[in-house]
Amino acid sequence: MTPARHASATASDPTMIGSGPVSSAAVIRLHDVKKSYGTGAARTPVLRGVSFDVAPGELIALVGQSGSGKSTLLNIVGGLDTADSGTVEVLGLDYHKTTERDLAALRNSSIGFVFQAFNLLDHLTCLGNVILPAAFTRGAVDVEARGREALRRVGLADLAMRHPNELSGGQKQRVAIARALFGSPKLLLCDEPTGNLDSETGREVIEFFRELNEKDGVTLVIVTHERRISSVARRIIAIRDGELVEGEDVALGPGGPS
Amino acid sequence: MMPVGNLTKMVLRNTVRSPRHFVLSAFGIVIGIASFVFFLGLSMGVRNVILGKIFPLEVVEVVAPRASFMGKDITKKLDDATVDLIRKRPEVKTALPRMALAFPAAGYGSFEGQELKFEVGGFCDGIDPSFLADDPRLGPLFKDWEAEEAGHHPACVPPKEGEQNPCADPEFYYCDEQDNACHRRVPVIVSPTLLELYNGQVASTHGLPVIGDLEQFVVQRGGLGRMRFNIGLGETMVAGSATTVNDKRRRVEGMLIGISPKAMPIGMTVPIQYTRRWNQEFSGDEAANTYSSIVVTLSDKDRLAVFSAWLQEQDLRLEDQLGERFATAIFIVTTLFVLISFTIVTISSINIAHNFFMQVSERRREIGVLRAVGATRTDVSLIILGEAALIGIMGGVIGVAIAYGGATMVDWASKTYLPRFPFKPPTYFDFQPWIIAGGLGFSTIFCVLGGFLPARKASRIAPAQALSQQ
Numbered sequence: 002m003t004p005a006r007h008a009s010a011t012a013s014d015p016t017m018i019g020s021g022p023v024s025s026a027a028v029i030r031l032h033d034v035k036k037s038y039g040t041g042a043a044r045t046p047v048l049r050g051v052s053f054d055v056a057p058g059e060l061i062a063l064v065g066q067s068g069s070g071k072s073t074l075l076n077i078v079g080g081l082d083t084a085d086s087g088t089v090e091v092l093g094l095d096y097h098k099t100t101e102r103d104l105a106a107l108r109n110s111s112i113g114f115v116f117q118a119f120n121l122l123d124h125l126t127c128l129g130n131v132i133l134p135a136a137f138t139r140g141a142v143d144v145e146a147r148g149r150e151a152l153r154r155v156g157l158a159d160l161a162m163r164h165p166n167e168l169s170g171g172q173k174q175r176v177a178i179a180r181a182l183f184g185s186p187k188l189l190l191c192d193e194p195t196g197n198l199d200s201e202t203g204r205e206v207i208e209f210f211r212e213l214n215e216k217d218g219v220t221l222v223i224v225t226h227e228r229r230i231s232s233v234a235r236r237i238i239a240i241r242d243g244e245l246v247e248g249e250d251v252a253l254g255p256g257g258p259s
Numbered sequence: 026m027m028p029v030g031n032l033t034k035m036v037l038r039n040t041v042r043s044p045r046h047f048v049l050s051a052f053g054i055v056i057g058i059a060s061f062v063f064f065l066g067l068s069m070g071v072r073n074v075i076l077g078k079i080f081p082l083e084v085v086e087v088v089a090p091r092a093s094f095m096g097k098d099i100t101k102k103l104d105d106a107t108v109d110l111i112r113k114r115p116e117v118k119t120a121l122p123r124m125a126l127a128f129p130a131a132g133y134g135s136f137e138g139q140e141l142k143f144e145v146g147g148f149c150d151g152i153d154p155s156f157l158a159d160d161p162r163l164g165p166l167f168k169d170w171e172a173e174e175a176g177h178h179p180a181c182v183p184p185k186e187g188e189q190n191p192c193a194d195p196e197f198y199y200c201d202e203q204d205n206a207c208h209r210r211v212p213v214i215v216s217p218t219l220l221e222l223y224n225g226q227v228a229s230t231h232g233l234p235v236i237g238d239l240e241q242f243v244v245q246r247g248g249l250g251r252m253r254f255n256i257g258l259g260e261t262m263v264a265g266s267a268t269t270v271n272d273k274r275r276r277v278e279g280m281l282i283g284i285s286p287k288a289m290p291i292g293m294t295v296p297i298q299y300t301r302r303w304n305q306e307f308s309g310d311e312a313a314n315t316y317s318s319i320v321v322t323l324s325d326k327d328r329l330a331v332f333s334a335w336l337q338e339q340d341l342r343l344e345d346q347l348g349e350r351f352a353t354a355i356f357i358v359t360t361l362f363v364l365i366s367f368t369i370v371t372i373s374s375i376n377i378a379h380n381f382f383m384q385v386s387e388r389r390r391e392i393g394v395l396r397a398v399g400a401t402r403t404d405v406s407l408i409i410l411g412e413a414a415l416i417g418i419m420g421g422v423i424g425v426a427i428a429y430g431g432a433t434m435v436d437w438a439s440k441t442y443l444p445r446f447p448f449k450p451p452t453y454f455d456f457q458p459w460i461i462a463g464g465l466g467f468s469t470i471f472c473v474l475g476g477f478l479p480a481r482k483a484s485r486i487a488p489a490q491a492l493s494q495q
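For the record, the sequence lines run as chains A and B.
2 is the number of the first residue of the first sequence in the numbering used here; add one for each residue after it.
26 is the number of the first residue of the second sequence in the numbering used here; add one for each residue after it.
Isolated chain A, as found in the complex:
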């Protein structure tokens, strides 16, 4: 991963790392987002005024050391956590002005999540996990067919009726990806998606993300330590101690930037 690549990846993008002009068509718009945990003396700032935009079709690697706030940032973007202050606008929805119901609908229809720990429900089959979002959608049609299609896309069509505890780690992550893709999301948020996978499986997942981005135009934000992801990312956002890092080079190594 080189700075030159970053430069080329962002050359056509009006958004710069940490700051810059805001695109009106941005998928994600963050402005001065702050977040702390704890209260009083135990209060720990996690995000200290983060601002950046993500344009449609970008594949972004969000990198940083453990505890740097990247997962918190991803959760805030996904509406799974709330910012203490600042503006969060995703797919045109301003989180501070929206209702909990609209936010849930956004997660249901337009945002997909992929987690390091897969987060599959063991009592459901693979297909059951994939079509889980449909349970919260009014008037969902062809649910099972769409679920099977999502499984086919990740190469697990034959395992639709298996339970997660019968699958390997790589297969579980692919089921999780199929679930994330079920609603044909515009934005895919991935938190360390290859963290629990062997290198070969990790490579396949990364390749899948790249294809998804290039062929389907899905915007991806991937929290990662992986160099390989950074190599396919069209833009890297580095975060350290709750702030975006502005610099020429962000070198990645095992466990975080080195």
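Some hints could be false.
List time: in silico DMTMM-like cross-link candidates among lysine to aspartate or glutamate, alpha-carbon distance up to 20 Å [what the hints assert, rightly or not]:
{"#": "1", "chain 1": "B", "residue 1": "Lys102", "chain 2": "B", "residue 2": "Asp340"}
{"#": "2", "chain 1": "B", "residue 1": "Lys449", "chain 2": "B", "residue 2": "Asp238"}
{"#": "3", "chain 1": "B", "residue 1": "Lys34", "chain 2": "A", "residue 2": "Asp143"}
{"#": "4", "chain 1": "B", "residue 1": "Lys273", "chain 2": "B", "residue 2": "Glu311"}
{"#": "5", "chain 1": "B", "residue 1": "Lys34", "chain 2": "A", "residue 2": "Asp123"}
{"#": "6", "chain 1": "B", "residue 1": "Lys185", "chain 2": "B", "residue 2": "Asp201"}
{"#": "7", "chain 1": "B", "residue 1": "Lys34", "chain 2": "A", "residue 2": "Glu145"}
{"#": "8", "chain 1": "B", "residue 1": "Lys482", "chain 2": "A", "residue 2": "Glu101"}
{"#": "9", "chain 1": "B", "residue 1": "Lys168", "chain 2": "B", "residue 2": "Glu221"}
Some, not all, of what chain A presents toward chain B, calculated at C-beta under 8 Å [claimed, not checked]:
{"#": "10", "residue": "Asp82"}
{"#": "11", "residue": "Glu101"}
{"#": "12", "residue": "Ala105"}
{"#": "13", "residue": "Phe114"}
{"#": "14", "residue": "Phe137"}
For the record, the hints were derived by calculation from the structure and aren't laboratory data.
C-beta: ideal position from N, C-alpha, C; glycine also.
Fit chain B to the supplied structure of chain A, relying on the hints for placement.
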């Protein structure tokens, strides 16, 4: 809110996947609802027998309390004016006077080959035939036949012992020794209480047949003519007392025509015109115009207290109301059982809350996943509340089934092992729809209440934290 169909499917799936949780949560509810339904059904069943058959609460008996002053009887007289006064009360539906025999009388005859003797004076009263007008079988028979057939009494010669009855229709008529004319036998009815006492006590000790259906019993023995007996007016069976009144005595014949709850409980009941004439004949005018009691049917049994208070103002009172005492006793016992059931279900509800709190803690990650894929806080709450409600409904259904099973066993044991006794019912239970609905509703509501706080906790779980849980 998520679609109801999807919510239902998810709730069912979650319940089925954790049978241990279901059993732990539902156990107390099942026991509580089973006891609730069982005891309420039992109370209603017992109530039906005691208050419906033995001591009907809607029907009360008004009497005049005994009073004397300076040795003189100043007891208020129950006459037609009193009856009219009572009939005008808004809480009174009907008021019918009863007139007891005011002099001794004795009954004798034979029954099933055995000689039968019994006291009638004190155990006989008269009621207006209109009291039985609504009975299609007894109504046409229970009449003042002397008035109906006045002037149409064919002459006869009273038969000597062993001679045939000379009257044209010997099944219904006898030859009266006083005027040598054929008279219709006095129609007599007895109460189900007396029949039950006969079946439960007399029949077994004297080797007599148990009477199930009196009509069938009569038909088998050749008709109503076989149910006749003599009434010795002015005679008595009570040892040591005078055997006649003013040396006057007369024999009439009676005939048992049927069973009616409107008959006096222990004794026999005839049309009031007979007792009025006999009292006139044996005890004079005052006895012929004074009623022993007035049977009042209330329009609403809940108005009893108002009516009772009014009676006291009139120097009258209600005959000792055993039914009321039983009703109170049944109410207390029922309340006690319902309270016990409530306690069990309340404890179960707390147990459910505890179980669901544990479940919510164990399912934090799952709840996080649901939120991530589009569940709102309300959806999460509804899922937990739905699971609690399902436990309530299923626990309620199982509880009701156990109550029914228990009731069936009790009835079977009673039928198989308990000897016959008065008013022994075919079932001790009356599971009215409101009891079943109450049991199911009660169970569901308490379970939902038990699930309320855990559901609130679940809805407040921060999805980001839940998903990062290891």
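Structure-inconsistent hints, enumerated in ascending order: 9
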